[in-house]
Amino acid sequence: MRITATTVSFKINEKKRKKLGLETLKPWDTEAQPEDVKPLNPFSTSDELLDKTLSCFRELNPFFADCIQKMKEMGHLDLESRKGKAPGGYNCPLAESGAPFIFMNAAGQMHDVTTMVHEGGHAVHSFLAHHLELSAFKEYPMEIAEVASMAMELFSMDHWKAFFDNEGDLQRAKEHQLERVITIFPWIATIDKFQHWVYEHPNHSIEERTENWLRILEEFTSKEIDFSGLEEYRKISWQRQLHLFEVPFYYIEYGIAQLGAIGMWRQYKNDPKKAIDNYMYALSLGGTKTLPELYAAAGLKFDFSPGHIKTLMEFVRTEMDKLTEA
Numbered sequence: 006m007r008i009t010a011t012t013v014s015f016k017i018n019e020k021k022r023k024k025l026g027l028e029t030l031k032p033w034d035t036e037a038q039p040e041d042v043k044p045l046n047p048f049s050t051s052d053e054l055l056d057k058t059l060s061c062f063r064e065l066n067p068f069f070a071d072c073i074q075k076m077k078e079m080g081h082l083d084l085e086s087r088k089g090k091a092p093g094g095y096n097c098p099l100a101e102s103g104a105p106f107i108f109m110n111a112a113g114q115m116h117d118v119t120t121m122v123h124e125g126g127h128a129v130h131s132f133l134a135h136h137l138e139l140s141a142f143k144e145y146p147m148e149i150a151e152v153a154s155m156a157m158e159l160f161s162m163d164h165w166k167a168f169f170d171n172e173g174d175l176q177r178a179k180e181h182q183l184e185r186v187i188t189i190f191p192w193i194a195t196i197d198k199f200q201h202w203v204y205e206h207p208n209h210s211i212e213e214r215t216e217n218w219l220r221i222l223e224e225f226t227s228k229e230i231d232f233s234g235l236e237e238y239r240k241i242s243w244q245r246q247l248h249l250f251e252v253p254f255y256y257i258e259y260g261i262a263q264l265g266a267i268g269m270w271r272q273y274k275n276d277p278k279k280a281i282d283n284y285m286y287a288l289s290l291g292g293t294k295t296l297p298e299l300y301a302a303a304g305l306k307f308d309f310s311p312g313h314i315k316t317l318m319e320f321v322r323t324e325m326d327k328l329t330e331a
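In this text, residue positions in the sequence shown follow my numbering: the first is 6, and each later residue adds one.
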């Protein structure tokens, strides 16, 4: 993961630096656009976000749209941002009705589209597992739950015309999505390796913790980004990851699930119908099978070898190159 994802991240950042016309790329430049490029505006209101999501899901698979429509009719959607509302976004399963609740803070940004289809994937998972007799069977490992949501992000890209009339904007949105798919891996590796060090050295000093954090951070950080002048901030940058404080050793699951999602998308590119069938079948099993069995049901390899990860990263890179060439 370190070699392939970090290498592709470097190429992404190098491209950004040249696009912005900068000699060096600062951390805040990684999300910037050239001065004459307007931000993406996929929707204006929460109602528009919902309508466009329904249209997108309907083209992908009518059942997915039916799930969101039922939640709409039941009042199980709270999408718009408003004063005093709690931050964040999530899908909350409701075992009795089978129709979950989606909470988010939409503000007309591209990130909101990703959040909506992501949480929509979780919602579909809830609907598909609802038929299981025991409530405990409706609980499933996070590593497959996030495959449901992350794969939905990737599946839905082929139908994002619902959000973007302009072909250039659509291409930018897809490119941004694939950048996120890649760049998350080095950070996941950083956090996972750091927390292992922390718990393996319970009596460490603050100085030792800082030294090892910087060592691990440097190992996985793209060399294209210039952090000069930000040394004091980098020393404590691990503190921005909430998982380190609240849920020890919980973060690598996102990496496992993202690999699964890429595998699902790879299937989808080869045979959309078969991939969706595999996806729905695996999700319908809920927690009745082991994690490797759930991956197998989805047509995925539960494989974290360098060779398999390299294959997945090369696939994403190829898809990114196709966008650039288009």
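These are computed hints drawn from the structure, not numbers from a lab. Quantities reported herein were computed from a predicted structural model and do not represent experimental measurements. C-beta atoms are modelled at their ideal positions from N, C-alpha and C, and glycine is treated no differently. It is possible that some hints are incorrect.
What the hints assert, rightly or not - Pairs of lysine to aspartate or glutamate, DMTMM-like flavour, derived with a Cα cap of 20 Å:
#	residue 1	residue 2
1	Lys20	Glu298
2	Lys327	Glu180
3	Lys20	Asp41
4	Lys57	Asp170
5	Lys143	Glu172
6	Lys43	Glu172
7	Lys16	Asp41
8	Lys279	Glu298
9	Lys24	Asp231
10	Lys327	Asp276
11	Lys198	Glu224
12	Lys274	Glu330
13	Lys16	Asp326
14	Lys294	Glu258
15	Lys294	Glu148
16	Lys327	Glu184
17	Lys24	Asp34
18	Lys294	Glu184
19	Lys279	Asp163
20	Lys306	Asp282
21	Lys57	Glu172
22	Lys43	Glu184
23	Lys16	Asp163
24	Lys198	Glu172
25	Lys327	Glu19
Said to hold, decoys possible - Just the calculated beta-carbon pair ranges, DEER-fashion:
#	residue 1	residue 2	range
26	Asn171	Leu99	27 to 33 Å
27	Asn275	Leu25	32 to 38 Å
28	Ala37	Tyr286	49 to 55 Å
29	Glu205	Pro39	31 to 37 Å
Hint check:
1. Lys20 <-> Glu298: 40 Å, violated
2. Lys327 <-> Glu180: Holds, at about 10 Å.
3. Lys20 <-> Asp41: Distance of about 17 Å is within 20 Å: holds.
4. Lys57 <-> Asp170: 12 Å, holds
5. Lys143 <-> Glu172: Given that 20 Å is the threshold and the Cα spacing comes to 40 Å, the pair is violated.
6. Lys43 <-> Glu172: 14 Å, holds
7. Lys16 <-> Asp41: 23 Å, violated
8. Lys279 <-> Glu298: 18 Å, holds
9. Lys24 <-> Asp231: It holds: about 16 Å lies between the C-alpha atoms, which stays within 20 Å.
10. Lys327 <-> Asp276: Holds, at roughly 18 Å.
11. Lys198 <-> Glu224: Within the cut-off at roughly 10 Å; holds.
12. Lys274 <-> Glu330: 18 Å, holds
13. Lys16 <-> Asp326: Holds, because 11 Å separates the two Cα atoms, which is no more than 20 Å.
14. Lys294 <-> Glu258: Holds, at roughly 18 Å.
15. Lys294 <-> Glu148: Distance ~13 Å between lysine 294 and glutamate 148 Cα, so the pair holds.
16. Lys327 <-> Glu184: 13 Å, holds
17. Lys24 <-> Asp34: Measuring from Cα to Cα gives roughly 11 Å; hence the hint holds.
18. Lys294 <-> Glu184: 32 Å, violated
19. Lys279 <-> Asp163: 16 Å, holds
20. Lys306 <-> Asp282: At roughly 17 Å apart (the allowed maximum being 20 Å), aspartate 282 and lysine 306 satisfy the hint.
21. Lys57 <-> Glu172: At roughly 16 Å apart (the allowed maximum being 20 Å), glutamate 172 and lysine 57 satisfy the hint.
22. Lys43 <-> Glu184: 19 Å, holds
23. Lys16 <-> Asp163: Between lysine 16 and aspartate 163 the Cα gap is close to 24 Å, so the pair fails against 20 Å, i.e. violated.
24. Lys198 <-> Glu172: Violated: lysine 198 and glutamate 172 sit about 41 Å apart, past 20 Å.
25. Lys327 <-> Glu19: 18 Å, holds
26. Asn171 <-> Leu99: 27 to 33 Å: 38 Å, violated
27. Asn275 <-> Leu25: 32 to 38 Å: With Cβ atoms ~36 Å apart, the hint holds.
28. Ala37 <-> Tyr286: 49 to 55 Å: 42 Å, violated
29. Glu205 <-> Pro39: 31 to 37 Å: 45 Å, violated
In the structure shown, a violation is registered for the earlier hints numbered 1, 5, 7, 18, 23, 24, 26, 28, 29, in ascending order.
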